[in-house]
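Chains as they are written, first to last, in my numbering: chain A, 202 to 340; chain B, 202 to 340; chain C, 202 to 340.
Take the hints with a grain of salt, since some may be wrong.
Stated by the list, open to error - Stretch-level coverage of chain B by chain C, calculated; a stretch enters the list once three of its residues show a Cβ under 8 Å from a Cβ in chain C: (1) 218-229; (2) 233-239; (3) 264-273; (4) 298-307; (5) 330-340.
Unchecked claim - Below 30 Å or equal to it, Euclidean Cα-Cα: the simulated DSS-like pairs (lysine-lysine) are: (6) A:K207 x C:K224; (7) A:K307 x B:K224; (8) C:K216 x A:K203; (9) C:K224 x B:K207; (10) C:K216 x B:K203.
Please keep in mind that the hints were generated in silico from the structure rather than gathered at the bench. No residue lacks a Cβ here, since even glycine has one placed at the ideal position from N, Cα and C.
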Amino acid sequence: MKPFTKEISFLTNGKGLIEITQKVSEIVRQSGVLNGIVHMFVCHTSASLLLFENADESARDDIEEFFDRLVPEDDPWFSHSFEGPDDMPAHIRMALTRSSESIPIKGGRILLGTWQGIFLFEHRATPHRRVIVVTVLGE
Amino acid sequence: MKPFTKEISFLTNGKGLIEITQKVSEIVRQSGVLNGIVHMFVCHTSASLLLFENADESARDDIEEFFDRLVPEDDPWFSHSFEGPDDMPAHIRMALTRSSESIPIKGGRILLGTWQGIFLFEHRATPHRRVIVVTVLGE
Amino acid sequence: MKPFTKEISFLTNGKGLIEITQKVSEIVRQSGVLNGIVHMFVCHTSASLLLFENADESARDDIEEFFDRLVPEDDPWFSHSFEGPDDMPAHIRMALTRSSESIPIKGGRILLGTWQGIFLFEHRATPHRRVIVVTVLGE
Numbered sequence: 202m203k204p205f206t207k208e209i210s211f212l213t214n215g216k217g218l219i220e221i222t223q224k225v226s227e228i229v230r231q232s233g234v235l236n237g238i239v240h241m242f243v244c245h246t247s248a249s250l251l252l253f254e255n256a257d258e259s260a261r262d263d264i265e266e267f268f269d270r271l272v273p274e275d276d277p278w279f280s281h282s283f284e285g286p287d288d289m290p291a292h293i294r295m296a297l298t299r300s301s302e303s304i305p306i307k308g309g310r311i312l313l314g315t316w317q318g319i320f321l322f323e324h325r326a327t328p329h330r331r332v333i334v335v336t337v338l339g340e
Numbered sequence: 202m203k204p205f206t207k208e209i210s211f212l213t214n215g216k217g218l219i220e221i222t223q224k225v226s227e228i229v230r231q232s233g234v235l236n237g238i239v240h241m242f243v244c245h246t247s248a249s250l251l252l253f254e255n256a257d258e259s260a261r262d263d264i265e266e267f268f269d270r271l272v273p274e275d276d277p278w279f280s281h282s283f284e285g286p287d288d289m290p291a292h293i294r295m296a297l298t299r300s301s302e303s304i305p306i307k308g309g310r311i312l313l314g315t316w317q318g319i320f321l322f323e324h325r326a327t328p329h330r331r332v333i334v335v336t337v338l339g340e
Numbered sequence: 202m203k204p205f206t207k208e209i210s211f212l213t214n215g216k217g218l219i220e221i222t223q224k225v226s227e228i229v230r231q232s233g234v235l236n237g238i239v240h241m242f243v244c245h246t247s248a249s250l251l252l253f254e255n256a257d258e259s260a261r262d263d264i265e266e267f268f269d270r271l272v273p274e275d276d277p278w279f280s281h282s283f284e285g286p287d288d289m290p291a292h293i294r295m296a297l298t299r300s301s302e303s304i305p306i307k308g309g310r311i312l313l314g315t316w317q318g319i320f321l322f323e324h325r326a327t328p329h330r331r332v333i334v335v336t337v338l339g340e
């Protein structure tokens, strides 16, 4: 049970969800681990991870709009604003979702539910390169 | 340190928190693991996990009401609505809580705090069968 | 790959974020683990964990204010109020952040991003002693 670690990176295209399920599945296959857990970690404070409905794009549109409304860019009381109006909302949206996520592996397969996909959630308005560290634990 | 995995399922009864602490503790006992971590994963996009105050039921009532108010069913801007008015709010409430949770094990016992219980959080209005995968890592 | 577990505790000073990155790094060093994962767990229902921007204090001020506004103390509909007006908001703020968090380890070093720090998030108004269980898995 030696941990298998791999870094992957994605160039985002402004705010929104990017599905990374296939990349993570590939790493699980490469690891040769049949039973255990795959752990994902996003090394940033304005991007996050989310397991979300991956069948219907309208669900993704709605959750992006929900966060735009819950944490609007133009809140006048933000003091942390020197990196632009999207920066502080990005940190808050990250805090409300996840920096790490983990999923069980059985028989070499990630045990995601039928409608679950793994998503990188970009919270900044401009494109960013985001690094995710994937660690497979098990045997 | 061979991972011990077990699936459990619960029939929910509409929105709300269901305590599953005892079921998870039983699986930790069955695993024989004395030191390590128990990991839980909910295979759904409209139910989630939450560690929450398990002594006073009024705290559970209040958090359910909080989510009803934060993510109301009748928001006119939802586009993902073909599965009913409770579906999109369910996905958002899941996103704001947790798909996976994990707790340390020491001396064969889950190290929950005095007031902590493990809860399955159902976000749909009608009963659903929910599957949770419990993985014990350690020795 | 024997799990290495250590409990650390902090005396908080009312609501706010306390950086604990250095303490966690020390435990990873003590464990001797070179590759794997460090897992942190807060044993309380009114305190939580958060990976957050650790460079600029104004970002911390803003997220504390965000939670003060999102979950105000004086909401008249709270029923769980016998422990004071800050108690129920504390449980909700905990539910919206994290009870457990985990970060990959590579070459004996925690793979935090440049701007990421590990924070204990106290949600009660008065000082509390908070216990965090740190578990290192790997080899």
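Do the hints match the structure? See the list:
1. For the segment 218-229 of chain B, the proposed coverage by chain C is not satisfied: 0 residues have a C-beta within less than 8 Å of a C-beta in that chain, short of the threshold of three.
2. Interface restraint, the segment 233-239 of chain B with chain C: holds (3 residues with C-beta to C-beta distance below 8 Å; minimum three).
3. With 4 residues having a beta carbon nearer than 8 Å to a beta carbon of chain C, the segment 264-273 of chain B meets the requirement of three or more and the stated coverage holds.
4. Counting residues of the segment 298-307 of chain B whose beta-carbon sits less than 8 Å from any beta-carbon of chain C gives 7, enough to reach three: the coverage restraint holds.
5. Under a criterion of three residues with beta carbons nearer than 8 Å to beta carbons of chain C, the stated coverage of the segment 330-340 of chain B is upheld, 3 such residues being counted.
6. The straight-line distance between the Cα atoms of A:K207 and C:K224 is roughly 26 Å, inside the 30 Å bound, and the hint therefore holds.
7. Restraint check for A:K307 and B:K224: the C-alpha separation of about 20 Å stays at or below 30 Å, so the hint holds.
8. For a cut-off of 30 Å, the pair hint linking C:K216 to A:K203 is broken: about 40 Å separates their Cα positions.
9. Annotation: proposed proximity of C:K224 to B:K207 is violated, straight-line Cα distance about 34 Å (limit 30 Å).
10. Using a Cα cut-off of 30 Å, the hinted pair C:K216 and B:K203 is violated, with the two alpha carbons roughly 41 Å apart.
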